[in-house]
Amino acid sequence: MDLNLNAEEQAFRDDLRAWLKDNLPEHRAVDHESEEYWQHLRDWQRTLFEGGWAGLSWPTEYGGKGVTPLKQSIYLQETVAAGAPEHLGVIGEGLVGPTIIVAGTDEQKTEFLPKILNGDHIWCQGFSEPNAGSDVASLATKAVRDGDDWVVNGQKIWTSFAQGANWCLLLVRTDMEAPKHKGITALLVDMNSPGISIRPLKQMSGQSGFNELFMTDLRVPVKNQLGPTNQGWRIAITALMNERANLGASMYPFFDDAVTSLIELAKTRKRNGKLLAECPIKRQKIAQAIADLEIYRLDSARALSRLERDSTPGPEGSMLKIFWSEMYQRLAQSAMEILGDVSQLEGFDDGAWVYRYLRSKGATIEGGTSEIQRCILAERVLGLPKSY
Amino acid sequence: MDLNLNAEEQAFRDDLRAWLKDNLPEHRAVDHESEEYWQHLRDWQRTLFEGGWAGLSWPTEYGGKGVTPLKQSIYLQETVAAGAPEHLGVIGEGLVGPTIIVAGTDEQKTEFLPKILNGDHIWCQGFSEPNAGSDVASLATKAVRDGDDWVVNGQKIWTSFAQGANWCLLLVRTDMEAPKHKGITALLVDMNSPGISIRPLKQMSGQSGFNELFMTDLRVPVKNQLGPTNQGWRIAITALMNERANLGASMYPFFDDAVTSLIELAKTRKRNGKLLAECPIKRQKIAQAIADLEIYRLDSARALSRLERDSTPGPEGSMLKIFWSEMYQRLAQSAMEILGDVSQLEGFDDGAWVYRYLRSKGATIEGGTSEIQRCILAERVLGLPKSY
Amino acid sequence: MDYELSKPQKMLQQSVREFCGRQCTADHVREIMETETAHHAELWQGVADQGWIGLHLPEEHGGLGLGLVDLAVVFEEVGRACLPGPFLSSTWAATLISKTGHAASVSSILPELCEGSKIGTVACFEEEAGWVSGQYDAVKAEVSGDGLTLSGKKQLVADAAVADVFVVAARGEQGLTLVLVESSANGINITPTEGLDATRKLYEVTFDIVNVSADNVMSTGADAERALKESQQVGMVAVCAELVGSMQWMLEESVEYAKTRKQFDKIIGSFQAIQHKCADILLTTESSRSAMLYAAWALSEGTDDAERAVSIAKLFCSDAGQKVGGLAIQVHGGIGFTWEHDLHLFYKRNKSNEFLFGDATFHRELVARLALDAA
Amino acid sequence: MDYELSKPQKMLQQSVREFCGRQCTADHVREIMETETAHHAELWQGVADQGWIGLHLPEEHGGLGLGLVDLAVVFEEVGRACLPGPFLSSTWAATLISKTGHAASVSSILPELCEGSKIGTVACFEEEAGWVSGQYDAVKAEVSGDGLTLSGKKQLVADAAVADVFVVAARGEQGLTLVLVESSANGINITPTEGLDATRKLYEVTFDIVNVSADNVMSTGADAERALKESQQVGMVAVCAELVGSMQWMLEESVEYAKTRKQFDKIIGSFQAIQHKCADILLTTESSRSAMLYAAWALSEGTDDAERAVSIAKLFCSDAGQKVGGLAIQVHGGIGFTWEHDLHLFYKRNKSNEFLFGDATFHRELVARLALDAA
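Heads up: the protein sequence lines correspond to chains A, B, C and D, in order.
Oh and the first sequence: position 269 is 430 in the working numbering, straight run, nothing missing.
Oh and the second sequence: position 168 is 329 in the working numbering, straight run, nothing missing.
Oh and the third sequence: position 287 is 328 in the working numbering, straight run, nothing missing.
Oh and the fourth sequence: position 227 is 268 in the working numbering, straight run, nothing missing.
A few of these clues could be false.
[Unchecked claim] Straight-line C-alpha distance at most 30 Å; calculated DSSO-like pairs for lysine-lysine:
no., chain 1, residue 1, chain 2, residue 2
1, B, K303, D, K307
2, A, K276, A, K226
3, C, K48, B, K341
4, C, K303, A, K547
5, B, K232, A, K431
6, C, K307, A, K547
7, A, K341, C, K300
8, D, K194, A, K341
9, A, K343, A, K270
10, D, K181, A, K547
11, A, K303, C, K303
12, C, K300, C, K51
13, C, K194, C, K51
[What the hints assert, rightly or not] For each label pair, taking beta carbons as the anchor points, the in silico distance ranges come out as:
no., chain 1, residue 1, chain 2, residue 2, range
14, D, R410, B, S422, 26 to 34 Å
15, B, P476, D, V173, 45 to 53 Å
16, A, D418, D, G62, 41 to 49 Å
Hints listed in this document are in silico derivations from the structure and should not be mistaken for laboratory results.
Each residue gets a CB set at the ideal place from its N, CA and C atoms; glycine is no exception.
Just chain A, same shape as in the assembly (with noise of 0.2 Å):
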């Protein structure tokens, strides 16, 4: 057991601290729904790709890098901690790309994976439906045969990215007689087809970033289906094992902000004559919150040592979910409660914890949900037979 960084790693690390200090675009404060924002997006992925960050993951036969998970971990951190943009490309790098490798046809590999490293294409991802939340697999877009091409019909949700993405993994049913998870097959869907609308949806929090997504008489075609007809469905579940792996890993800087201004405020902010931090019930909560934030980032050090030596991500990725996404809505709770009163106002701190409050509570549904995570861990870590 040694948890420092080996010296390849640390100059991994030195490297993209060094590149990323000489290449960070300016914050620009600018409305998260523009499509100036979207450009600044879309220029950082080009950045990327020209510094030689994009595809860390990939294997090199297809531009990517082939680094080791511990190494795309020391990245999504120090992005994050760095202040870079919001990495567009995620989708794509994340998912999509590997699922093309994985199950794509020679054309598709050529003709997609160059195009997402170097940010022409960006992707989002259309599995969800209003009647498939947790249940994926039931979803009812349907696609009918017509020549060469997929006429797709039905309606997609929380699909993240829409706005932004100019295409589209997107699941839809071609057999309505098999069995749920027999009649699927997954499409690579340009989103510049006639026949696709996209709807912004707001969250409870007033903001958006997630999507609906309508398809009428969308043709696609056949030439652009990933994967054999009726088989998507385990496209679908390498693509979400996939994002669960990604998911864990880049979410500590944005909670170790959170604790860090925290403290600050408790050591600047009074109530009763005293700082808020003299005050020994606020103590414990600080540093609860404290240590739950470092049992994360333990956590997640140990899930990705162990993918380090096993090097497919298991169904250990649930534990890691559940954790970050319930210490979220426990930090975000606590810490209104030590701020007191005036935190509820959105002038307060910029609005940062009452949009923390609002927006953890969708942390334990999206991505699978609690329950769900539970019931994989039970059925698949510890070998309990199905649920009902």
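The hints should help you fit chains B, C and D onto chain A, whose structure is shown.
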């Protein structure tokens, strides 16, 4: 809404208090598992009967007093608060008697009911089995008809008061082929019959209080069958409803004692140069314990008020059961945090906190686990579909 | 002993529910909360016409002379509809004026507040002192000629922009000084401070040398402390009732959703994980209601334990509102997290109400004080 | 970066597990805990022969010179077997003597402790001061002739009845004074004080004018504070490892039971309510292990955050042991609540370990101090 006792209720309480003052036996500090202790409890049961306090809830035609649920609750609280001995007849009066009144033959009523009231018959309840815990209906103790007798073989567990009892309400399987709920018969069993033996069951706290019951070729006359053959499940449900209604109400003085003693200890013991009661963190925990207890008192009163109006105990009994059992665990845990390291000693406050800490763990299991209770609430109160 | 609502109380409950069903639908709440003040004249007039403002105040003060359980019945139902606007604010202000017994104010402004022709609010909260009035120091009341001048700042003043009068909890020579001020007075500055609950707008109110006549000084010192505390206790009963109503709404919605939503070819209400969450919502809501009703009754009756009862209700309902909100969203899954679904209206109101009149930690300390520090 | 145990550490783990499987079965634990001292000479000799006592101490002090991760590996495995007797006590005493660097004690007693021919324990805890050594005041060390006399009382001294030597944390002229005392010395009185964990007996130890030679004063003042604290940190790693081992046992038992027990014609492990509890046991156990291993590593390496890491591990594992115990009993239902089932052995050990070296509240305050009070 008026939470004061009315004049009649006050008179009832005052009469009872006066009677208790004159009739309460001296407290005898004897081994709870000794014959002397059981005799003490039998004497008390006789005293109650002679004082006119037996069968409060029963209709007058069966020798009862037909008093309202509220008065029954006053009775339970006052006797516990006065430090009266355990009520040995609780199962006979609260569970078996009411069930015989509903389902018994005239002969059974004549034979058993008076003896329950006068304390000649002390009853225990033989429902649970090692392999039929939450799923009581899956019981395997088997009875085969032989002439005018049922011949019983099998094992029961969690039988409370068995050492002191001379009669037992036993559930047995009389039809092995029928669906599990439809092959059960209820028997009234003389505990002095040959073929029945008792073994005390030690709890994790080291105390007993429960027992195992072993039946080997036990013969029970058919005339002591309660209700029709193979319809014992309905008998069991009636009995369990009565049990649940009883369980909730009498616990308040027990928890009130605990909280009062916690407060006293906090006001007299010191840590780091200060009284425990001066520590802001401990104050929060004490206040939460006080609030919990008060909520329990109020929930109980409200349930009772509803019972006064509706007269049959409903599945709402599950709400009180969940509340007090989980409160008990919170209280025990929190108190030991407040009282500190020395509270783990058997000699600390006469071992009261160690006992509570360990004993409370059984509370969410016995009398229907918290999981089962929550399913009951979901299905029978909220009308959700049956769970898997 | 009877813990049930009386027949008249049930009729009152029914009439509030019907009113809200007609005039305060969720769509209407959304429209109103999008306005600058979340105050809607027609809805307000409806509330006033029902006689709910000052329902619990003595008839000679312009009220109906009913009890706090009746008031709780009304607030539970409006909580179940997430009624926007200044009902709570004006109720608190009217209660406080009534509790001071200040003859001039009682006879002049109180009837107008009760009939809804004027709106009041209380300028009380200060960030550094919180809800501990003994430490209020941010607004000074200084003697000036025959009257006083007020200078300073109050925060989280609900509905200030639509209030005709403020009751200001200032610090004067005699300690706490309760002053009635017209919102139109010179020197008053009202700044909106958007909170997460858009149905009850919050403001910062600054007093820049506001001159007040001596007639408007309603109470000072220990009397003022008592009046403010008593008015807050009534306010707490109302807030707890709102919280219970909101939880009731969440309970009904969650159960309804759990009964109809299918996943994995099954009604989700048949999954234990969902069943147990719904059961917990039920348990928590019912216990909150027990605590809230008892607090209302005890305060009405003036029982020895009334202060404790109110604090216990507030601490329990504050935590409960939070917990039930989280459970309800989780039962709903993604849809419960969208702007379209009405859950967030109630969820945010609960958060705001958690703080109002002191959060759970604050009231636990009060309960501890009663239990541990008594002689 | 590597968070996994090294090959030698895994071998060590395997050998401890095998040893416990042979010599420390649950039946054996039960027999031993029924004895007066819970000390079993043969088992103790076995532990000693494995070289586990002082495993982490420098070779020149009689140890094996291994690190704290290795020590944690051993304590996790003995925790998984609920090993009775003075292993932890003697490890703590040996560590403390080693940390004082007191030449005479290091050369005389330490090798004997490490080879198990003698047993040590630390007389440290006082009810009123708890684990805050700066407030220790119950045992006074007064200068007397060439040496000292000790007078006073210590509580919760584990395994005192079988200890050959005590390290006593007394208050002397230079503040905290660490004194080595033979248990046979005149004036020492050892009273058993039964605790809920019968596998590790606790005692009150009184010192009635016990004369100690100056040679036995190992450390005083700031040095003594440092040595005591460092020894406690090692002790905390051991206790956290025991807790993790105990949780691991509970996890395995609960999953096994959930896989085999049937109710309602179904394996109970197929019910979501049971699945989710098992998942929570897993999550909590694994997070505890992450925290414990990191604390061991950080303390071994002397990283800047070592103190924080140890406190975080202790607060997290203390709460976790409790939580996992409750979940495991609930998964087992009635049977888990009986004396016959071994769950209670582990459940009680967890409770005792929750307190040892300070509970979660205590360590949260330490973490807060590091985060909030630094210059």
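Going down the list of hints, with the structure as the test:
1. K303/B with K307/D: This hinted pair holds, its Cα atoms lying about 22 Å apart.
2. K276/A with K226/A: OK: K276/A and K226/A at ~16 Å, within 30 Å.
3. K48/C with K341/B: Violated, at about 46 Å.
4. K303/C with K547/A: Given that 30 Å is the threshold and the Cα spacing comes to 18 Å, the pair holds.
5. K232/B with K431/A: 53 Å, violated
6. K307/C with K547/A: 15 Å, holds
7. K341/A with K300/C: 23 Å, holds
8. K194/D with K341/A: 72 Å, violated
9. K343/A with K270/A: Measuring from Cα to Cα gives roughly 25 Å; hence the hint holds.
10. K181/D with K547/A: 63 Å, violated
11. K303/A with K303/C: 19 Å, holds
12. K300/C with K51/C: 28 Å, holds
13. K194/C with K51/C: This hinted pair is violated, its Cα atoms lying about 42 Å apart.
14. R410/D with S422/B: 26 to 34 Å: For R410/D and S422/B the Cβ distance comes to about 33 Å; the hint holds.
15. P476/B with V173/D: 45 to 53 Å: 51 Å, holds
16. D418/A with G62/D: 41 to 49 Å: 47 Å, holds
In this structure, the earlier hints numbered 3, 5, 8, 10 and 13 are contradicted, and the remaining ones agree with it.
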